[in-house]
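Construct the complete structure from the given sequences, taking the supplied hints into account.
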Amino acid sequence: MFSSGPSYAKLKTNLRLSINRLKLLEKKKTELTQKARKEIADYIAAGKIERAKIRVEHIIREDYLVEAME
Numbered sequence: 001m002f003s004s005g006p007s008y009a010k011l012k013t014n015l016r017l018s019i020n021r022l023k024l025l026e027k028k029k030t031e032l033t034q035k036a037r038k039e040i041a042d043y044i045a046a047g048k049i050e051r052a053k054i055r056v057e058h059i060i061r062e063d064y065l066v067e068a069m070e
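Residue numbers for the sequence shown, in this note's numbering: 1 to 70.
Derived by calculation from the structure, the hints in this document are not laboratory data.
Just so you know, these numbers come straight off a predicted model, no measurement behind them.
A virtual CB, placed ideally from N, CA and C, is assigned to each residue, including glycine.
Do not rely on the hints blindly, as some may be mistaken.
[As the list claims (entries may be wrong)] Label pairs and their calculated CB-CB ranges:
no., residue 1, residue 2, range
1, Ser7, Asp42, 44 to 54 Å
2, Leu15, Ala36, 25 to 35 Å
3, Arg51, Leu11, 45 to 55 Å
4, Glu39, Met69, 18 to 28 Å
Structure follows, in structure tokens:
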């Protein structure tokens, strides 16, 4: 019914897959953050300071998340 112990080969494979997924997610979030920074500059240029502040807070949270993924 149950296996006779941990399968280290499966564990190693799953860990490698997880690492690759995290790297991909990190790259994606970094690229989105770069786009958002340009968006913030546009908001400031248009005089929408409050909206820019909200976006900055979101970017800061995303940066912390990306750092945790590293």
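Cross-check of the supplied hints:
no. : hint                        : result
1   : Ser7 <-> Asp42: 44 to 54 Å  : holds (52 Å)
2   : Leu15 <-> Ala36: 25 to 35 Å : holds (31 Å)
3   : Arg51 <-> Leu11: 45 to 55 Å : holds (46 Å)
4   : Glu39 <-> Met69: 18 to 28 Å : holds (22 Å)
In summary, this structure violates none of the numbered hints.
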